[in-house]
Amino acid sequence: MGEPVGFADVRKLALVLLLATTASAHEIGTTQIHALFRRDHTYAVTIRSVRKPASEKAFVYFDGVRASALTGDIPAHAHTFTFRYEGTFAKYTLTLQNEGSDSVTTQWLDAETTSNPFVLSRDVIPPTRFEVIRQYVALGFTHILPEGFDHILFVLGLFLLATSMRALLSQITAFTVAHSISLALTMYGVVSLPSRVVEPAIALSIACVAIENVITSRLHPWRVVVVFVFGLLHGMGFAGVLRELGLPRRQFVPALVSFNVGVEVGQLVVIAVAMLLFAQWLRNRRFVVACSVAIALTGLFWTVQRIAI
Amino acid sequence: MKRFLVIACLLSCAPLGAHDFWIEPSTFRPATGAMVMTTLLVGQQFVGDPIARDSSQIERFVVRDARGERNVAGFEGHNPAGIVRMENGTAAVVGYRSKPAFLSMPPEKFEQYLRDEGLDTVLAARTRRGESKQPSREIYSRCAKTLLGVRGDFSRPLGFRLELTPESLDASRVVVRLDYESHPLANALIIAMHRDDPSLRIRVRSDAHGRAAFSLPKPGVWMIKSVYMIDAPPASGAEWESLWASLTFEN
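Chains as they are written, first to last, in this note's numbering: chain A, 1 to 309; chain B, 1 to 251.
Where hints are given, some of them may not hold.
Derived pair list, reagent style DSS-like, types lysine-lysine, alpha-carbon separation capped at 30 Å [as the list claims (entries may be wrong)]:
{"#": "1", "chain 1": "A", "residue 1": "Lys52", "chain 2": "B", "residue 2": "Lys109"}
{"#": "2", "chain 1": "A", "residue 1": "Lys91", "chain 2": "B", "residue 2": "Lys99"}
{"#": "3", "chain 1": "B", "residue 1": "Lys99", "chain 2": "B", "residue 2": "Lys109"}
{"#": "4", "chain 1": "A", "residue 1": "Lys91", "chain 2": "A", "residue 2": "Lys57"}
{"#": "5", "chain 1": "A", "residue 1": "Lys91", "chain 2": "A", "residue 2": "Lys52"}
{"#": "6", "chain 1": "A", "residue 1": "Lys91", "chain 2": "B", "residue 2": "Lys133"}
{"#": "7", "chain 1": "A", "residue 1": "Lys57", "chain 2": "B", "residue 2": "Lys109"}
{"#": "8", "chain 1": "A", "residue 1": "Lys52", "chain 2": "B", "residue 2": "Lys218"}
{"#": "9", "chain 1": "B", "residue 1": "Lys109", "chain 2": "B", "residue 2": "Lys133"}
{"#": "10", "chain 1": "B", "residue 1": "Lys133", "chain 2": "B", "residue 2": "Lys99"}
{"#": "11", "chain 1": "B", "residue 1": "Lys218", "chain 2": "A", "residue 2": "Lys91"}
{"#": "12", "chain 1": "B", "residue 1": "Lys133", "chain 2": "A", "residue 2": "Lys52"}
FYI, nobody ran anything at the bench for these hints, they're computed from the structure. Note that this is a predicted model, so its numbers are computed, not measured.
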């Protein structure tokens with residue numbers, strides 16, 4: 001016969017059984033911490049606590065490197081986020097979310113425990129400078145080809161009165177310089193015109209250039225000045241698009257310049273293709289007039305249409 | 001009564017991971033019929049984080065007044081963890097006993113915690129067993145009480161495994177008894193601290209009858225606490241089992 005089972009043994013057995021289910025259980029506090037990673041490449045960690053949150057006891061790490069504040073810019077190339085909070089004595093919840101993602105990750109943490117790495121989504125990680133340049137050159141280019149039909153017609157309008165390569169280059173240069181200036185000034189907020197004014201004016205500029213092509217076959221000096229003024233309008237049009245797309249806050253200048261470069265490349269491609277296809281027709285006045293009339297009518301139609309809208 | 005060793009000392013920082021646990025009611029002086037919110041707190045230096053009510057962690061959460069004992073009501077997951085209605089007079093004892101949980105600490109931290117809590121026998125045992133450089137594996141549980149009102153009979157224990165029970169209490173002095181499994185626990189370090197002046201700590205070793213007397217130099221909210229550690233049950237996965245007793249009251 002074995003030894004009789006005493007009260008202490010029963011109690012110990014009960015304790016062991018209890019521990020089988022609660023071995024990892026800690027006291028759960030009421031502190032809640034939320035980390036949000038935004039698509040504008042910033043992050044914010046907020047602490048909700050009954051006591052005054054101790055932000056100096058919160059430690060934020062991107063790829064293991066400590067960040068200086070609970071809010072700020074996500075470092076370039078960062079892929080993971082980890083966190084530790086020593087301002088609590090109990091287990092607390094850390095919720096993490098990439099903006100735009102429905103899923104929220106929750107981790108239960110003790111005061112001295114560093115969280116598991118949270119993988120940042122591609123949307124919130126800031127692009128490198130090279131990626132920004134590549135992206136915005138492509139955006140500028142596609143804004144001309146194939147999406148910028150009005151800008152294409154304007155450039156073709158200039159092309160049709162290119163009695164010489166010098167005449168073409170002087171017009172294109174005036175246009176480029178003008179729209180670069182107004183694009184930059186608009187993006188920096190120095191100048192601002194509402195799109196209900198800019199868009200019909202762009203359409204009207206197309207018609208004006210084309211009508212001049214019908215009226216005269218000579219490149220008058222004022223043509224370059226007019227093209228410059230119209231270029232200012234087109235720059236504001238580009239800015240409208242760029243504002244909608246958004247520019248990365250930390251890489252504003254590279255993005256702006258890259259977009260402009262993309263626009264230039266797009267225009268040069270339009271002219272190059274036009275030269276290849278129609279260069280021998282430029283001395284044919286009927287061809288120039290016919291094309292210019294078509295462009296002028298389109299420009300006028302857009303003008304009316306855009307005013308009506 | 002034996003001579004008590006009374007030492008008031010500046011607070012030493014206890015390590016994170018070995019935190020005090022206590023009950024703070026919304027008032028220590030409730031009127032009859034009053035609703036008293038009882039917050040469970042874990043922390044240090046009388047600064048704590050509230051603990052939400054978690055049934056899976058509660059072994060016993062009771063209030064005892066002149067007419068007997070009943071469970072403390074509360075909403076799961078909410079803070080404060082308990083709501084007590086003063087149905088029978090203005091005095092009651094609220095007690096919370098948790099289920100055990102597992103805790104592991106690096107050796108330096110664990111030994112510092114043992115020193116802070118006066119657990120010299122455990123320190124010596126670890127040295128003897130050659131475990132001083134090993135991380136701790138400990139199960140711990142809470143035995144917290146708070147006294148509501150002033151004229152109650154608080155001298156009857158609730159029957160917690162480790163329990164601090166006031167034998168006498170007035171504005172300037174309190175005598176408590178520390179019981180382990182309903183027997184007085186001698187030579188245990190018992191610490192009293194004041195909520196508004198946590199730098200003031202009064203450390204007393206219990207006598208052969210488990211008693212410790214404290215002179216209370218100022219009025220206010222006090223916490224008296226003690227930690228007792230024993231060998232953990234076999235197959236628990238731990239080497240040590242600690243029991244944390246606390247008693248809060250207003251003198």
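Structure-based check of all given hints:
{"no.": "1", "hint": "Lys52(A) with Lys109(B)", "verdict": "27 Å, holds"}
{"no.": "2", "hint": "Lys91(A) with Lys99(B)", "verdict": "16 Å, holds"}
{"no.": "3", "hint": "Lys99(B) with Lys109(B)", "verdict": "23 Å, holds"}
{"no.": "4", "hint": "Lys91(A) with Lys57(A)", "verdict": "15 Å, holds"}
{"no.": "5", "hint": "Lys91(A) with Lys52(A)", "verdict": "17 Å, holds"}
{"no.": "6", "hint": "Lys91(A) with Lys133(B)", "verdict": "27 Å, holds"}
{"no.": "7", "hint": "Lys57(A) with Lys109(B)", "verdict": "19 Å, holds"}
{"no.": "8", "hint": "Lys52(A) with Lys218(B)", "verdict": "27 Å, holds"}
{"no.": "9", "hint": "Lys109(B) with Lys133(B)", "verdict": "11 Å, holds"}
{"no.": "10", "hint": "Lys133(B) with Lys99(B)", "verdict": "28 Å, holds"}
{"no.": "11", "hint": "Lys218(B) with Lys91(A)", "verdict": "33 Å, violated"}
{"no.": "12", "hint": "Lys133(B) with Lys52(A)", "verdict": "37 Å, violated"}
In the structure shown, a violation is registered for the earlier hints numbered 11, 12, in ascending order.
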